[in-house]
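Undergrad: Sequence:
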Amino acid sequence: MFTRITSAFILATLYCLVAVSALPTTATEITYAEQTFANGKARHYTYKTHDGVAIRYFIIKSSDGVIRAAFDACDVCWAENKGYSQKGDVMVCNNCGRRFPSTRINEVHGGCNPAPLNRKVEHGAVIIKVADILQGKRYFDFRR
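Counting in my numbering, the sequence shown tops out at residue 294, every number present.
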């Protein structure tokens, strides 16, 4: 009897977990601990849209101490879908090789610069609105 009850409880718990995880998210912001970026290493993230588009972006604490965010794409090379990698204090386009100082990320718009992503830092947290992430969908939607 104990085994049947325990098994039934475990199955019911798993069912609830699966059912809850299948619900659409209603979050309007994504929050990261500010300390995550203290070492100056760029961290890459992906936000998956309801229709399956994976929007990539990165967050970095630049050498001047500012936390910056940008899409892992630009207005020029986005179609190659290669993004950026970090080499010391610069972000390098994995397609054309152009180099962008960390202090210019989220400052320069257009061209082959990493496309800026709005963010704010409050009370030890980096906050990015989902609506702002969705603005970058055009760089990652290859279904056309």
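Do not rely on the hints blindly, as some may be mistaken.
Restricting the straight-line Cα-Cα distance to at most 30 angstroms, the calculated cross-link-like pairs of lysine-lysine (DSSO-like) are [to be verified]:
| no. | residue 1 | residue 2 |
| --- | --- | --- |
| 1 | Lys237 | Lys270 |
| 2 | Lys232 | Lys198 |
| 3 | Lys287 | Lys232 |
| 4 | Lys287 | Lys270 |
| 5 | Lys191 | Lys232 |
| 6 | Lys279 | Lys237 |
| 7 | Lys270 | Lys191 |
| 8 | Lys279 | Lys232 |
| 9 | Lys232 | Lys270 |
| 10 | Lys198 | Lys237 |
| 11 | Lys198 | Lys287 |
| 12 | Lys237 | Lys191 |
| 13 | Lys237 | Lys287 |
| 14 | Lys279 | Lys191 |
| 15 | Lys279 | Lys198 |
| 16 | Lys191 | Lys287 |
| 17 | Lys198 | Lys270 |
Label-pair ranges, simulated between beta-carbon atoms [what the hints assert, rightly or not]:
| no. | residue 1 | residue 2 | range |
| --- | --- | --- | --- |
| 18 | Asp214 | Leu284 | 16 to 22 angstroms |
| 19 | Arg193 | Arg254 | 15 to 21 angstroms |
| 20 | Tyr195 | Gly238 | 17 to 23 angstroms |
Everything labelled a hint here was simulated from the structure, so no lab data went into it.
Just so it is clear, CB atoms sit at the ideal spot from N, CA and C, and this is done for glycine as well.
Undergrad: Each hint should be assessed against the structure and marked as holding or not.
TA: A quick look at each hint next to the structure:
no.	hint	result
1	Lys237 with Lys270	holds (25 angstroms)
2	Lys232 with Lys198	holds (17 angstroms)
3	Lys287 with Lys232	holds (15 angstroms)
4	Lys287 with Lys270	holds (20 angstroms)
5	Lys191 with Lys232	holds (19 angstroms)
6	Lys279 with Lys237	holds (28 angstroms)
7	Lys270 with Lys191	holds (18 angstroms)
8	Lys279 with Lys232	holds (24 angstroms)
9	Lys232 with Lys270	holds (26 angstroms)
10	Lys198 with Lys237	holds (27 angstroms)
11	Lys198 with Lys287	holds (10 angstroms)
12	Lys237 with Lys191	holds (9 angstroms)
13	Lys237 with Lys287	holds (26 angstroms)
14	Lys279 with Lys191	holds (22 angstroms)
15	Lys279 with Lys198	holds (14 angstroms)
16	Lys191 with Lys287	holds (24 angstroms)
17	Lys198 with Lys270	holds (21 angstroms)
18	Asp214 with Leu284: 16 to 22 angstroms	violated (29 angstroms)
19	Arg193 with Arg254: 15 to 21 angstroms	holds (18 angstroms)
20	Tyr195 with Gly238: 17 to 23 angstroms	holds (21 angstroms)
Hint compliance for this structure: hint 18 alone is broken.
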